[in-house]
Every structure is written in C-alpha cells, then in structure tokens.
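K.L.:
Work out the full structure, taking the sequences as your base and the hints as a guide.
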Amino acid sequence: MSVARPAARRLVVSGCLPGVAAAPSSTPASCRQFLPAAQQSSNFHTSSGLSARKRSRFSSVPAAKMGLINEEKIQEFTQKKFPKFTPEEMVELSKRYSPEQIAAIEAGEASINPRDLTIQGRLRDDPYVMEYLDDFAEHQPIIDKRPQRHAPPDPGARFMDLDDFTEDLIRWADQFRSGDVTGTMKKVVDFVPRQWKDVAEGQWPGEVRDQAHKDFKAYLQEQIKNAAKPDNMSGPTDADVLQYILERSSMTDGNLKSNSSLAPALPRKVPGVAGLYKNAIDPADEGLDETGIYQDLKRRTGMTVREILSLQTKALVRRFVSNQTRLGKIQSTSVLYCAGNGDGWLGIGMAKSTEPLIASTKARLMAIRDMKPIRRYENRTIYGNVTGKVSGTVVELSARPPGFGLRVQHRIFEMCRAGGIHDLAARVPRSRNPMNTVKATWEALCNQKDPESIAIGRGKKLVDVRKVYYGGSVY
Amino acid sequence: MPIHAITNSCAHLQNAARARLGLTSIPNSKYNLRLALAMHRAGLVSSVTRGGPTPPPPESLLTHESEPVTTANVATRRIWLGLKYWGDKPVMSKLQAVSKPSRKITAKINELEKVARGFRVGHLKGLDLGECLFVSTDLGVLEIREALEKKVGGLVLCRVS
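Quick note, the sequences are listed as chains A and B, same order.
Numbers 1 to 475, taken from the UniProt record's numbering, label the letters of the first sequence in order.
Numbers 1 to 161, taken from the UniProt record's numbering, label the letters of the second sequence in order.
Since the hints were derived computationally from the structure, they do not count as laboratory data.
Careful: at least some of the hints might be erroneous.
Stated by the list, open to error - Part of the chain A face toward chain B, derived, beta carbon under 7 Å:
1) Lys449
2) Ser453
3) Gly457
Even for Gly, the Cβ is constructed at its ideal location relative to N, Cα and C.
P.N.:
What follows is the structure in structure tokens.
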C-alpha cells in the first residue's frame with residue numbers, strides 16, 4: 001500500500017480534471033476571470049488549501065465615510081496641532097537664537113506645509129526608529145560629538161611676515177578708534193574741485209591751490225581739536241594689549257579662533273629658518289654628492305668624492321634578521337660589504353637597518369671607512385699560507401705562483417678582487433657560514449707573516465729567492 | 001735516544017712564549033742541550049745557559065759559570081733559555097713536535113729537500129714562510145737548512161715558527 005496514493009488521488013481529483021475542480025465560491029468574480037483554470041484550482045505544494053479566504057467579521061468603514069478626511073477637519077486639526085509662530089513667540093525666539101538661526105527657522109517653517117504634516121506626519125513605530133525623541137536643541141556630551149564652534153583652520157595659512165604683521169596690528173588698533181580710521185584722513189587733493197583731482201599739485205591754478213590749502217588747514221585744526229577732546233574710547237586697555245599678545249593668531253588666518261587648545265603645527269618651511277640647516281654643497285664634489293652621504297667619509301678618509309665613488313664595493317652577505325619583541329617581530333636587513341681600491345686596500349663593513357637600502361648604504365660606507373692596506377707579495381698574492389678562524393669557520397689561504405688565478409669561493413673572490421690579489425687558493429674545510437667566511441678571510445689577510453720582522457726577530461738575513469733569481473724583475 | 005724530553009720541551013717553550021716569559025728552563029740533557037743550541041744558531045732563543053734550579057742572574061747569562069756537575073746535583077741541573085720577542089710577538093710562537101716516542105719520523109736528504117721547498121712528504125708537511133724544522137742527525141741536532149748544507153738526513157724532531 002502506498003502512502004502517496006491518497007495525495008495523488010487528491011491531486012488528480014482536484015487539479016488534473018477540470019470538470020471535477022470546483023473553484024472556491026468566495027473568489028471574487030473579477031479575479032476569477034483572469035486566472036487560468038488549472039492555476040486557479042491547483043496547489044503546487046502539499047499543504048491543503050484553505051477552504052475560503054478569511055474575512056473580517058466587521059465591515060471596514062472608510063475614513064472619508066466617517067467624516068475624518070474632509071477638508072474642514074484637516075484644516076481644524078492642522079490649526080490645532082501645527083499653528084504658526086505668533087509675533088510674541090518670535091520675539092521670545094529671537095532672544096534665544098541668533099538672527100541666522102531665526103532665518104533658518106523661518107525658512108524651515110515656510111518650506112513645510114502644515115497640511116502635509118497632518119496627512120503624512122506620524123510618529124514612527126518601525127524597527128529603525130530612534131529610541132528617543134529629540135529636537136537636537138541641546139548638546140549631550142556623552143552622545144553627541146563635541147561641537148565645533150569655529151570654522152576649520154585655513155590650510156593655506158602661513159606665519160605672518162613683516163607686512164602682514166603691520167597690517168594685522170593696524171587692523172587690531174582700528175578696533176579702538178578715537179578718530180578716523182587709520183589711513184582715512186583727508187589730504188589736500190580732497191579739497192580741490194573734481195576736474196583738478198587727477199592733476200599734479202604743481203599744475204593747479206593759484207586760487208584753487210590757495211583755497212584747497214586753506215580748507216585743508218581748517219580741516220586739520222578741527223581734527224586736532226577733536227583729538228584733544230576727552231573721549232571714553234581712548235584706546236586699548238592693558239587687558240586688550242595682553243589679549244593681543246597672548247591670543248592673537250600669528251598666522252595669516254585673520255585671527256581665526258581654533259576649536260583645539262593645541263597650537264597649530266609648524267609649517268613645512270618656516271620662513272627665516274628654511275634652508276639654513278642644509279649642508280653646504282662643496283664645489284670640490286663636482287656635484288657627485290647631492291645627498292651629502294659622503295661628507296663624513298670625506299672628512300675621515302681624506303679622499304675626494306670622485307675617489308670614493310671609484311672604489312670597488314660589493315655586497316657579500318645579505319641576511320634578513322628579526323628582533324622578537326612583545327609587540328611582534330621587527331624585521332631588519334643585515335648587510336656585509338667589502339670595499340677596496342683594487343690595489344692593496346681592503347675593508348669590510350657590516351650594517352643593519354629596517355630599510356634594506358639604508359643598510360646597504362651604511363655597510364658600504366663602513367667598509368670604505370674600514371679600508372686599510374693588506375700585505376701582498378709581489379702585488380699579486382699573499383705571503384705564505386695563512387689561516388683565519390671565526391667561530392667554526394676556518395679559512396686557509398695559500399700563496400700561489402703568477403698566473404694561477406683566484407681559485408677561491410665567490411665571497412673570497414670578491415674580496416681578493418677588491419683588494420688587488422690575483423693569485424690565491426683557499427680552502428674552507430669546516431663550517432661555511434657566509435658571514436664568518438668573510439670575517440675569517442679578512443682576519444687571515446690581516447695576519448700574514450712579515451718576512452722582515454721575522455728576519456729582525458731572529459737576527460738573520462732572509463732573502464727572497466725569486467727576487468734574487470730574476471734579478472728583481474718580478475712584476 | 002728517547003725523544004719524549006724533546007716533546008715536553010717543545011710544549012713547555014711554547015707555553016713560556018705565550019706567557020711572555022723572558023727566561024725559562026728545560027731539563028738538562030744532552031738532547032735538550034743540542035736542540036737548544038740549534039735553536040740558538042737559528043736565532044730563535046737569545047741565550048742558552050746551564051744552571052741549577054734557580055735562574056742565573058740576567059746580567060751574566062752569557063758568562064755564567066755553573067758549579068761543576070756531580071752525581072749529587074746532576075738531577076737538579078737545568079738549561080736556561082732566554083726567549084726573544086719582537087714587535088709585541090714572540091719570535092718563537094709555535095713549537096710542534098713531529099716525532100713522538102710511538103711514531104718516529106725520519107727523513108732522507110731528498111725528502112728534506114722537498115720539505116724545505118714547501119712540499120709535503122709523507123707525514124711531513126712542507127715548510128711555510130719563516131718556519132724552521134729541527135732534525136737529529138749523525139752530526140748532531142741541525143736545522144733543516146744546515147742539514148741540507150751538510151747533506152745529512154735523520155730523525156725529524158720538531159717544527160718551530
């Protein structure tokens with residue numbers, strides 16, 4: 001027995017056979033005529049259909065029929081709920097608000113029709129309604145942002161120069177006027193007829209000039225008399241001067257008040273200071289050292305920048321190291337450089353920095369600074385066999401005959417090339433740590449035996465047989 | 001002749017040189033004395049003086065007359081060697097015994113020639129710059145260059161540099 005059978009039968013009975021299907025009698029006739037017969041009566045789901053549409057037990061009465069939305073009622077409600085401000089209220093408001101705010105209020109009143117408020121306005125009850133009713137008239141420090149009372153600072157403001165300062169001082173002094181505003185006193189020109197105003201004084205006719213001078217004198221005397229009168233606004237008080245000194249803005253922003261109690265930051269280029277602390281460019285550098293990184297080296301080594309730049313330098317080891325702090329890993333680059341002049345001078349330098357480029361530059365400068373002459377036999381190889389040891393790294397260097405070449409690993413090769421060694425063999429029998437290899441090679445090169453000091457120490461005469469055999473004509 | 005005394009002397013002299021001593025002593029034996037004199041000829045030590053357990057006074061190192069050796073004092077005789085330094089470094093900084101009682105190394109004249117030129121022969125490494133090799137031969141203890149001059153080979157004692 002199949003459980004699907006009764007449902008299938010019902011589907012067949014109610015959906016597939018149009019003759020059997022009976023449309024609910026409650027479906028409005030207007031709806032029924034637009035629906036196809038199959039869609040009208042079949043459900044595309046398994047739940048049983050409602051027998052009929054639910055209807056309210058009460059018949060709905062339109063608001064118009066109740067007399068609520070006729071024009072008189074609306075008017076009445078509007079008059080009652082949203083009256084206009086009376087003149088007395090406007091006077092009260094103008095005491096409380098600035099003229100600009102009053103203007104804004106009036107504009108707002110004019111822009112909203114009270115009838116719209118009656119018809120459309122309602123208190124919100126949706127989920128996104130604010131939890132409080134507020135007209136934002138008061139500032140609540142916990143909820144609201146701090147009010148910015150003044151305009152934002154002028155980004156183009158700069159420190160006043162002498163002219164700006166003078167103008168600003170005059171502007172400030174003019175607040176305390178006890179006569180005419182500065183610079184507005186009349187001149188002789190103002191007392192001549194209009195046709196002579198644009199003409200120089202020497203070309204005025206005699207009577208015009210005399211009359212003008214007479215009037216001007218009278219004007220001046222009147223001015224002096226006025227100035228001598230005691231005036232209640234006789235000038236700035238001590239408090240005004242103190243305020244000028246302490247609070248007047250020193251920028252060209254028209255004494256703008258700041259929202260912050262912090263002083264404005266210094267501009268990038270402070271006039272009078274900008275350019276004073278720049279290193280003087282040495283004309284002997286031939287423009288090769290614009291950034292000034294070689295100045296210290298020049299002083300220490302006595303070389304010119306051109307000589308420094310002609311040195312051979314090479315990065316031998318580059319490592320990425322990190323310092324684990326409680327704030328996390330701090331990555332930096334550690335670089336080992338060698339530098340030499342290709343003719344017996346060699347130096348190595350190591351530097352670390354979080355910036356790889358800076359580390360390289362520093363290491364290179366250190367290597368150049370560290371340069372010193374290394375002993376060379378016949379300017380091509382070393383004296384005897386030397387061994388250098390740093391930690392577990394042992395480097396064995398051996399002198400070799402002319403033309404042997406540099407049969408050494410690449411880091412020692414670069415050092416030899418920078419130092420001007422052309423024939424050499426090297427073994428690194430134990431650890432081949434790159435950094436220790438370089439250091440051990442450096443140690444070995446610096447610790448070569450000196451035949452002369454051996455001879456002096458033993459009181460013997462040591463002779464270089466090669467030199468004797470070739471009559472000193474070895475290169 | 002037993003050579004352990006030579007080995008001990010080498011170790012002692014190297015220690016003394018590293019300790020920057022001016023005067024030190026090794027046991028008095030014919031072998032030690034010959035080696036000390038060979039070193040003196042090579043310029044590695046400044047003085048060789050026979051003495052007792054107390055060092056001879058420094059001013060009389062070259063002229064010191066020790067008391068006659070008797071059977072009573074022979075065990076306490078020492079050879080006092082003056083060590084040399086030049087430029088903050090000992091003239092004799094590294095002494096290495098080559099032969100030891102359990103493995104004696106001898107070298108013929110042709111082998112010594114190779115070694116003197118810096119080539120390795122068997123157990124014997126070639127000489128480096130400023131290195132000396134002492135050989136015990138029929139003609140006494142000689143430096144390698146003296147041995148080559150006299151064309152003798154023998155037992156290789158130690159190398160000094």
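K.L.:
Each hint should be assessed against the structure and marked as holding or not.
P.N.:
So, going through the hints one by one against the coordinates:
1. The closest approach between the C-beta of A/Lys449 and any C-beta of chain B is roughly 5 Å, which is under the 7 Å cut-off, so the hint is satisfied.
2. Hint on A/Ser453 holds. Least Cβ distance to chain B is approximately 5 Å, under the 7 Å limit.
3. Proximity of A/Gly457 to chain B holds as hinted, the smallest CB-CB distance being about 4 Å (cut-off 7 Å).
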